[in-house]
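Work out the full structure: start from the sequences and follow the hints.
Line by line, the protein sequences give chains A and B. Just so you know, we're using my numbering here: the first sequence kicks off at -4 and counts up by one. Just so you know, we're using my numbering here: the second sequence kicks off at 647 and counts up by one.
Hints were generated in silico from the structure; no laboratory data involved. Just so you know, nobody snuck in bad clues.
Here are the computed lysine to aspartate or glutamate pairs in the EDC-like style, where the Cα-Cα straight-line distance is at most 20 angstroms:
#, chain 1, residue 1, chain 2, residue 2
1, B, K927, B, D858
2, B, K927, B, D771
3, A, K22, B, E673
4, A, K26, B, E673
5, B, K738, A, D20
6, A, K26, A, D96
7, A, K22, A, E86
8, B, K721, A, E87
9, B, K721, A, E86
10, A, K26, A, E86
11, B, K721, A, D20
12, B, K721, B, E673
13, A, K22, A, E87
14, B, K738, A, D94
15, B, K721, B, E956
16, B, K927, B, E769
17, A, K26, A, D94
18, A, K22, A, D94
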Amino acid sequence: MSPGTIAGFVGAGLVGLGLYALVVDPKPLRKLLAFNLIGSGVFLVFGIVARRGATGRFPFDPVPQAMVITGIVVAFAATALAVALMLRLAEETGTVSLDPDAGAKPDDGAEDK
Amino acid sequence: MTVFDALDLAIAALVLGVAAWTIAAREMFSAVVGYVAYGLLLAIVWVRLYAPDVALTEAAIGGGVTGVLLVVASKRLGRLPQPEAGPGLGLKLAAAGLAALVAGLIAAALLYLPDPAPSLAPEADRHLAQTGLGNAVTAVLIAYRSFDTMLEKVVLVLAVVGVWSVAPDRFWGGRPAPLGPASPDPALVFLARVLAPVGLVIGVQIFWVGADEPGGAFQGGAILAAMAMIVMMARLMRPPRIGSRRLRLALIAGPAVFLVVGLAGPLIAGSFFAYPAGFAKPLILFIEAFMVLSIAATLPLLVAGPPNGEGEP
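Laid out in structure tokens, this is it:
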């Protein structure tokens, strides 16, 4: 096995776990958590590409590593935006659900905070 | 099997175990605490992959800042009813089958990666001396692929604009809701007072050594952001008013300075986003200093969310 393959399998496993939770868990915040698990699994798989690119002076290829760093920051930005949308949706509908029929109140739900 | 192989296997089992816990935990809060632990364990995996820069980023942003964001969100959502019932057994089995298939395909693909592996490491090494940097990852981020990094900073600004834009009109320009409880634990207040000055020094240090050692603008900026968030959670400082001109300048300083230097490239170095020979390192540190400021300002605002009237006294 080439170096880092174990970590690659962990990445594959994380994508699987995240995908399962993304499909079956109805709670929006849980879905977001699951999506982040998938993301970090993909980063880890890409980390193997970096590790396998070891040559000469470096035990890694710096280009994929730098792209993973950028990816982690962008994933955080997307997560923050999703949380803001989720909280606003909860304020509007008075419930935490992605089901379009779940909101019991009319759309002035933000007034009663 | 060496000690390191055994260590890798143990960490692999732990990471997968904690990840499974975060999706199985009944309480959202337990799941989020599991996710923070998961981020820290993942950082150890990155260290084992010879990626200390990624490990620092994962620990600070993937585990730490995302953890705070989710804790705050779960507290705010926790007050509302959650009327959902999970899907039936059939859908669960189908989802498990799909997930296992995808994971299996990725794992199989890893076994068939090309050998020898393609690598840009020799290229990165060849021009490293010209940048004046010793850390190849920093060189990729700020010199070789600087355009990507500049755009990534723009993404952060756009995310802040997106988060603010969901604020109701009447609260526009006000303060986001406070991060912590109304009367924070005295232990938390003490921690914030003791840790914040130390963390400030460590954050700046990690940015400064990032030119030659693991570290850099992201990692340093994320640590500064974490300190700002601890201080806000202890209610020693309120989230800033989003209409504040100084705050907005801090948010755009990083990408703006980066863009100006990049556009000046054709005049001073012959092409866009190029640095003049012999003057690359001071210019890179100059850009990075403003990026640290912008990251330290952006991350806490993304966590604090839009102003919703709760932040006003």
